[in-house]
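A.B. asks: Based on the sequences and whatever the hints tell you, model everything.
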Amino acid sequence: MPKSQAYTMRSSIFWAVCAGLAFPLSSFGDDPPPPEVKLALTNNQKRLTWPPYPAAQRYAVQSAGDPAGPYSNDLSGIMSGYQWAGLVSQPTRFYRLAVTPMSDDQLLQANVLNRLAYGPTPDELERLAAPGAALAYIGEQLAPENLPVTFDSYVTVATNGVALPSNTNWTFVNVTGNVSSSTLYMYLTGVGSVYLDDVQLRLITTQVVTNGSVVTTNTVLGPNVLVNGDFEAPLTTGWTVSPNLAGSAIVNDVVCSGTGSLRMVATAAGSTQNSSIWQTVTPTLPTTRQRCVLSFAYFPTPNSRLLTLRLSGTGTIINAQNEPAPPTWVYATATGVATGNPTLYAYLNDDGEAYIDDIKLVAGAVPEAGPNLLGNGDFETGVLAPWQASADFINSTISTELSFSGSASLKLVATDGGGGNNDSVYQSAIPGVTNGGTYTVSYWYIPSTRNRSLTVRLSGSATPGLLVSSPDGTSASGLHRRLDEGLASLDNLRTWFCHQAVASPRQLLEILTQFFENHFVTQHSKSVDYFDRFYDEGAVMNRLAADLEYREISKWRQCLLNPNCTFYDLSEVSAESPAMIIYLDTVGSRGNGDNIANENYARELFELFCMGVDNGYDQNDIVAMSRAWTGWSVDIVDASQVNNPFAARSSNYGAYPGVGFNAVSNIIGVWSFKYVQENHGTNRAPILSEWDPNSPPGNPRAIGPKIVPARFGPPWAGQPYQLQIPRRTGNASIQDGYDVIRHLADLPFTMEYISVKLCRLFVHDDFAHGVYDYTDPNRSPEAELIRQCMMTWNTPASDGRKGNIRNLLTTIFNSELFRRHAGSMQKVKTPLEFCISAVRALRSANPNGTYTATTDGNFAPILSRMGAMSLFNRADPDGYPETGPAWISAGTLAERLRFVQTLCMNQSGRPNDAGNNTVDPVGLLKRKLPATSWNNASAVADYFLGILFPAEGQGNLTLYRNLAINFLSTGDSGTTSSPFSGLGNTSAAYDTRVRGMVAMLMTLQRFQEQ
Amino acid sequence: MQRSNLNLITRRGFLDRSFKTGLAVALSTLTDIPFVMKRALAEGSIGLNGKKLLFIWLRGANDALNSVIPVMDSAYAPNRPTIRIPLDGQTNYSTPGGCDFPINAASGDDTYSYASAIRLGNGFAAFHPSLKFLAPVYNAGELALIHRVGYPRQSRSHFDSQNYWENGSPNNNLSKDGIFYRTMLEYLRGQGAAASALTGVSIQSSLPLILRGSEAPMTNLTDPNRYALLGIPNNTNGVIKATAALDTANGIAFPGKRNRDLLQLQYENLNKTLDIFAGIDFDENPVGNQYGNYYRDDEVTDNDSQWASGTPSQNPNDPNRGYYLFPTTAVKNGGWQRPGPNGAQVFDKYAVPTNLHSFFQNLKAAALVLNKTDAIIAGTEYGGFDTHSNQGGVTGAHSNLNRGIGWAMYALRKYFTLYADKATWENVVVVTLTEFGRTTVENSDAGTDHAEAGVMFVAGGGVKGYGRGPTGVFNCGPDTPSQALVDPIPWIPGGADQGGGVDGAMFGVNNRYLRRTTDYRSVLGEIIRKHLGATQGQLQRIIPGYANPADALMNGGLSTDSTPIRGEVGIL
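In order, the protein sequences belong to chains X and S.
So the first sequence is residues 9 to 1018, counted in my numbering.
So the second sequence is residues 47 to 618, counted in my numbering.
Note that these hints are calculated values from the structure, not bench results.
A couple of the hints might just be wrong.
Derived PhoX-like pairs (lysine-lysine); straight-line CA-CA distance at most 25 angstroms [said to hold, decoys possible]:
hint: 1; chain 1: S; residue 1: LYS468; chain 2: S; residue 2: LYS318
hint: 2; chain 1: S; residue 1: LYS510; chain 2: S; residue 2: LYS468
hint: 3; chain 1: X; residue 1: LYS765; chain 2: S; residue 2: LYS222
hint: 4; chain 1: X; residue 1: LYS534; chain 2: S; residue 2: LYS222
hint: 5; chain 1: X; residue 1: LYS419; chain 2: X; residue 2: LYS368
hint: 6; chain 1: S; residue 1: LYS468; chain 2: S; residue 2: LYS576
C.D. replies: Following this line, the structure appears as structure tokens:
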């Protein structure tokens, strides 16, 4: 029963009243049925009452002397909320209630910002107010790779040698960085080949738009400045090919888009312009702090080598890789003032080691400008002097194992944490350094793999001058770099994740990341428990476990940036994730010999990840399938082998004090999926079979295939869906697991269950799996939407594969259920959604690049109080609930209310319930409203009602509006009158009054909804 | 097929908010008052008889065998070479009678200086020495120790097994509401609008499954001191303004949407319970002359006559000079401050380990809520029982955990006796839950792994324990004809189907798992039925199949997996 897709402004809906009976005068299609309007006559008064109508913008009572009309607005009575009262003073009249509903555009605008995003922001509400803009927003969010993300980007000069993953489809890579030159190089780091397509380099600019008193800051992504980046023209168009890549050619058998791609064939490793395929952009690009986005799609071949695209110099560099390994040498610099008897210290904050090379101290604020005041800063003299090492650093040496330049570096070895004088490697009485002078230090270092902080500083100087050489743990970019380098803790991961949720323009990608992270749930603390058998330091185990979670979501995000992403791709990431292998116990599962395989993952794969509980499988299928996963384990391997499940354990050892050399805790590497073939048990029975009820326990006998039940209707009903896994030997038996997820991915049961979960996320809570009869001609709109989702799923996308995620989402977003009242404000925010939406609700860009609401991203303690929502650490494999009753109780509401009360108010002298989140509602209203309205209580109330409850309709907000206006004109005691119009709009009282009113609105029931 | 899960809410709406529901879709559910609700109106006495329940969750699986120890089983010590609790050479553990209470005569002695198994007097079992404060409760006949508690097809996963204990349905992860929640639902269905606003309360990080359900609000307080709204602009005078606006808004009608009835219900619940909790002094710090935690023992606990306490009184004749009942800070933790040699003060004599202060803060709040409000069930939890390695014996990790159990029961008995308000000790039952027991044989890491049956502690003024009922120790007695009269399934069973018949048979059964003889549902069911006052019909809804003979949960017999179990053990 698909409805018309046309969206027009609907006219007012009318109901007439005559002797207490109501009847509709117009058809209302999908809209909720009309309210029952009551007419009462008491004491010479006529009173009309009616229950609220969803999304009503305006109620008007009209009357006429004749029931046939004409009707006109009756202004003789007084309207208050949902009633109208007038005097009985005229001859008999006929009344009707006119409801002006919200326009479809307005309704859709609120819905998309509540569901495709973590709630509306003031700026997005303005942007989406234009006709058609909400629809455009859906399209924009469905292709996140085209949206620039700048706020968490960082640049390091480090590169690494991660091998290409054995993906079966094109992988999309997209990073942001600085322009360093106008020449782009593309090369492979070894002999080999790879397919490349859709290379784009686009500049990021900021536009400030002034519209009356409204100033909006927009980030704009410019056009692709590369010529022939899509390789649709001959290669010589735009590109120059170096001799080692002479075999490269445009081909049309493997393409990402259009009809051509570049097959790069390298006969020798590339590294610079003379060994790459390159292009110089004309006119030349600005290089002063110019941000840009570089993106491309690649498709590996069996002999692929690391593909590198970079701008000449140290600008944007990207490699075709799923995750970078820890960097090698990193550059750091800082400027500070020398005090006391100037001494330069270098130390770690705990036992461990790090390498430092080419340390330079120069006068002034420009790094490396001028002579190096330090002696032996390149550590090439063979002895430590003039450096000195105090007791905790006595093992520090000149090392020739590693060097950034020359042949040696300083190997800083600490037996305990240092702190400066007498506890560091230091150089004092440095000639040319005087008390009070300004100096700049610079150096290269290799981060300590024990997560130690390396500090280099001048004596006496605090910031500036203090230089801790690990990425900072507060800014989004510092956190991002920590995560990429495998140095981040769980708190770092959560903080970065929440930063993204608040600020990323790719809001749907953030919503989907959380959805799939929660769907394919894993638990950080279970990984920590696993690592506990190898390590003895909590911080290290925390970091390793956080790295598993980060790599997992990074892969899902990489998949979702690809237009061809399917559900299979996402489940493959989950199955291969070490976090999942540990979480659901395949890590130690053995199926060889008489071993009984662990059933945990097999059960949840059926029940929670694919088909839904009691939906097309039984216990015997679990037993049979569990053997497919035996041998799926984890191990620590060299970073270059991170995607090779057959790699041997890394033999690259560190040498930390106090730890046995051969201990696992001393291995430098990355924990990854490891296939242990000898633990694998061959499947003895086909999966998804009908079973012999007389089978021996634990060894079911199949007697035929299971058949898709009739309720699914065509094309699925009656089809057998048994899976027979062939007998395989050796490492080929790894394929058993892939057979399973590939088979499950496109079963109708899976289509149904995943569609139901997505509809619960985007539409409303009341969708179910396993019960709809899709052959019923009177099936509910919910059942119909699920059927449409399944049909979409079943239709191969442009790459020929089923289960395309974007097509599936498009079906949901096009549905009447999503676009209209059935979806609007029907869901309760989870704690995460509540917190993020509260900050976003008041977050608007100031012209100077700051925002009217800020966050430090650290929502973890707040989410914990609101119902123990512990991100990346859910104990139960069913993930956090999507439905309201699980989150809403008086105790959790108290926490939600306290959060917004603290967020909005001055926090001094109060519990710090809102963390380091701040909002400036006065700054916001002064930017958005003309100055003449700043002391107008009605205008101020209307503005905030509009941005906080955009889907409700002004007609239903009149009583909230009265509350807000009343609040603005009431003193802080709550009893005395204090007109808002009389407050100086730069006074503290004005600020407090506005903050209090906003806090009050955000504590109301409607702000719990999305 | 849409599950109608807001029955209570819509019923409330029907009674007092019908003007707010304008949509036909909402109206259709309004008429959907289920027949069970009507039937329940006249059933049982849950919540009406003054009886209350306090639960303590021991998360991580407590090692039953080093809590209530079968010391007379000759296999106990050999199977636990490192972690076993030694016998006291001066004690004859076969002597019948009460429990020994090894109090420390000299003030300088450590509270837990006794380092042997404490004789329980049933001729077979003993307490871990760090459970010494259970002795007075046991000897008063107000403690029942139920050993070998589990359920059919026992899961050895923490997650699953905790789920099953809480949802009351073994091997069923789909049941998303809790056994105590359903108990409260029976009360709410019967009382409707007359029901108190506060029924089931937990004091911990989040509402546990055992109290979770979608039809009626249970309340969890992460931190009772935080259960208050903040003022706008500040707390001194802004509370009125902020709360008045909220109250007004709660009365505003709204268009019908999914979840709006739920929000309305919980906002109203918040409104009501804020006032309830505002009347309880949870604070730790003195406010004027009042203290939120001044509750103290009425006897000189542990013979510690020289204990120099902090506030409120240093008078040696002060009859209230016993230990604080809720050790929430070092100062309030047993005889922490006491005179040492040469007039010095010694600060180390704790009743419970200092890392249990926050647990006792929560326990105190749970006790206060039961005592000061109409709440019927309250509880909290503490963790750390997953002792896979270095579990310790007389001292160490598990010993420290045991101290919490022992002192909690001792203190609750005193609290509900000395400070009873709405909850008297006669009307309170305290029960511990833990997801399973641990392996009978210690592992190579000097710890124990996940196993099956465990032990439950049940205390209360109405409990029929030692001297008041057949026995205080169930399923852990000697295999003698006299014992068979009071405990039909003693430690060492007679039949081969029990896997034994000889001394030591309980060790090593089923790969080192202690075999169950009692289902946890039989214990909880007996409490809910006899104590809280559920009818058998209500119990069938609270614990599905409870009165079904096939499950033998009430009367004993063959369990669904053919294991012979006893039904209700007779503790009440």
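A.B. asks: None of the hints should be skipped; say for each whether it holds.
C.D. replies: Status of each hint after checking the structure:
1. With a C-alpha separation of about 19 angstroms, the suggested pairing of LYS468 of chain S with LYS318 of chain S holds against the 25 angstroms cut-off.
2. In summary, the hint linking LYS510 of chain S to LYS468 of chain S is supported, as the alpha carbons are separated by about 22 angstroms, within the 25 angstroms threshold.
3. Taking the CA atoms of LYS765 of chain X and LYS222 of chain S, the gap is near 17 angstroms; set against the 25 angstroms cutoff, the hint holds.
4. A C-alpha spacing of about 23 angstroms is found between LYS534 of chain X and LYS222 of chain S, which places the hinted pair at or below 25 angstroms, so the restraint holds.
5. Proximity of LYS419 of chain X to LYS368 of chain X is assessed by CA-CA distance (about 16 angstroms); at most 25 angstroms being required, the pair is judged to hold.
6. As the CA atoms of LYS468 of chain S and LYS576 of chain S are separated by approximately 20 angstroms, the hinted pair is consistent with the 25 angstroms bound.
Checked against the numbered hints given earlier, this structure breaks none of them.
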